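Turn these sequences into a full structure, and let the hints steer you where they fit.
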Amino acid sequence: MNKKDPYLNFFIERYQEAYMNEITAFVEAIVNKTPPTVNFEDGRKALVLAETAFKSIASGKMETID
Numbered sequence: 012m013n014k015k016d017p018y019l020n021f022f023i024e025r026y027q028e029a030y031m032n033e034i035t036a037f038v039e040a041i042v043n044k045t046p047p048t049v050n051f052e053d054g055r056k057a058l059v060l061a062e063t064a065f066k067s068i069a070s071g072k073m074e075t076i077d
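If you count by the numbering used here, then the sequence shown holds residues 12 to 77, one letter each, in order.
Just so you know, these hints were derived from the structure itself, not from any lab. A portion of the hints provided could be inaccurate.
In the DSS-like style, the derived pairs of lysine-lysine whose C-alpha atoms are separated by at most 27 Å in a straight line are [unchecked claim]:
(1) LYS66 - LYS56
(2) LYS44 - LYS56
(3) LYS72 - LYS56
Cβ-Cβ distance ranges computed for the label pairs, FRET-style [said to hold, decoys possible]:
(4) PHE65 - ASN32: 34 to 40 Å
(5) ILE23 - ARG55: 23 to 29 Å
(6) LYS72 - ALA36: 32 to 38 Å
(7) LYS72 - TYR30: 19 to 25 Å
(8) GLU74 - ASP53: 16 to 22 Å
(9) PHE22 - ASP53: 17 to 23 Å
(10) SER70 - ALA40: 19 to 25 Å
(11) GLU24 - GLU62: 25 to 31 Å
Just so we're clear, the structure is a prediction, and the values are computed from it rather than from any experiment. Even for Gly, the Cβ is constructed at its ideal location relative to N, Cα and C.
See the structure below:
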């Protein structure tokens, strides 16, 4: 995406390339019987980050991530 591209409000359209890369990597892992590019720990870290962001919004303060 560059400055000339229009801003897309719809989430799927806005991140279409990222979704396609994710699906492609998932299918390739299945077909090639290789580990996925992301794992449980990656998902856990994303969840911790999201929960901490919500906590920060609710408290109005900066929160630390352990």
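Outcome of the hint check:
no., hint, result
1, LYS66 - LYS56, "15 Å, holds"
2, LYS44 - LYS56, "25 Å, holds"
3, LYS72 - LYS56, "20 Å, holds"
4, PHE65 - ASN32: 34 to 40 Å, "27 Å, violated"
5, ILE23 - ARG55: 23 to 29 Å, "25 Å, holds"
6, LYS72 - ALA36: 32 to 38 Å, "37 Å, holds"
7, LYS72 - TYR30: 19 to 25 Å, "33 Å, violated"
8, GLU74 - ASP53: 16 to 22 Å, "21 Å, holds"
9, PHE22 - ASP53: 17 to 23 Å, "20 Å, holds"
10, SER70 - ALA40: 19 to 25 Å, "39 Å, violated"
11, GLU24 - GLU62: 25 to 31 Å, "27 Å, holds"
When each numbered hint is compared with the structure, violations occur for hints 4, 7 and 10.
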